[in-house]
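Student: Residue-level listing of the chains:
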Amino acid sequence: DGGITQSPKYLFRKEGQNVTLSCEQNLNHDAMYWYRQDPGQGLRLIYYSQIVNDFQKGDIAEGYSVSREKKESFPLTVTSAQKNPTAFYLCASRLAPNTGELFFGEGSRLTVL
Amino acid sequence: GNSVTQMEGPVTLSEEAFLTINCTYTATGYPSLFWYVQYPGEGLQLLLKATKADDKGSNKGFEATYRKETTSFHLEKGSVQVSDSAVYFCALAPSNAGGTSYGKLTFGQGTILTVHP
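Which chain is which? The protein sequence lines are A and B, in order.
Mapping the first sequence onto our numbering, position 21 (from 1) lands on 21, and the numbers just tick up by one.
Mapping the second sequence onto our numbering, position 77 (from 1) lands on 1077, and the numbers just tick up by one.
Do not take every clue at face value.
[Stated by the list, open to error] Facing chain B, a subset of chain A residues (Cβ under 8 Å, in silico):
| id | residue |
| --- | --- |
| 1 | Ile60 |
| 2 | Pro75 |
| 3 | Gly100 |
| 4 | Glu101 |
| 5 | Gly107 |
[Claimed, not checked] Computed far set for chain B versus chain A, every beta-carbon distance over 12 Å:
| id | residue |
| --- | --- |
| 6 | Gly1009 |
| 7 | Thr1028 |
| 8 | Ala1053 |
These aren't lab readings, by the way, just hints derived from the structure by calculation.
All values derive from a computational prediction rather than experimental measurement.
Glycine included, C-beta positions come from ideal geometry on N, C-alpha and C.
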């Protein structure tokens, strides 16, 4: 079955550590996105990539980094510079240029201890 | 910039009650509008969409009409079920006059719906 796979589902980190969240898709989608979800604040865009080897900052990119070396993969690194990293992180990909519809993974919950 | 405002939650209903979740937006041009649903512990799934004014999106008994004059896209269902309990997100994507969307969605804050038997 085609879809988006995020891992790990749950992750605990100590302060000062970097952590990388994985996102893989086999939908052959060109564009991929990372969103952060906090209670009562909806989803906020961290980074997005329209094509391999290219990505743009979203609304809250500070303290995060990404890479897009393969079409299928868009990993997100939460660095120690991110002041409040505890959140639910969602990866998404886009079906077609003219629909705007996003397909989402099941999310990764990061907790900083 | 673009923004989406949803009614405050949580919303608690009895089974078979009528549901309305209000959504209004601010955007330039001709945005596409979406409702996504998130079940507990899962990612978001597209529920329905509308790409131009007066379009009605519908799915699983839910429907919403794109009202450009009131910049609204309210979600409705005539008879909710316990299985409809979830978080509902209204979202928009900027589009040009030809309906081509750039896919960079702006989301509302989400509305928690709980349906009791």
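Student: Which earlier hints can't be squared with this structure?
Tutor: Per hint list: 1, 2, 6 violated.
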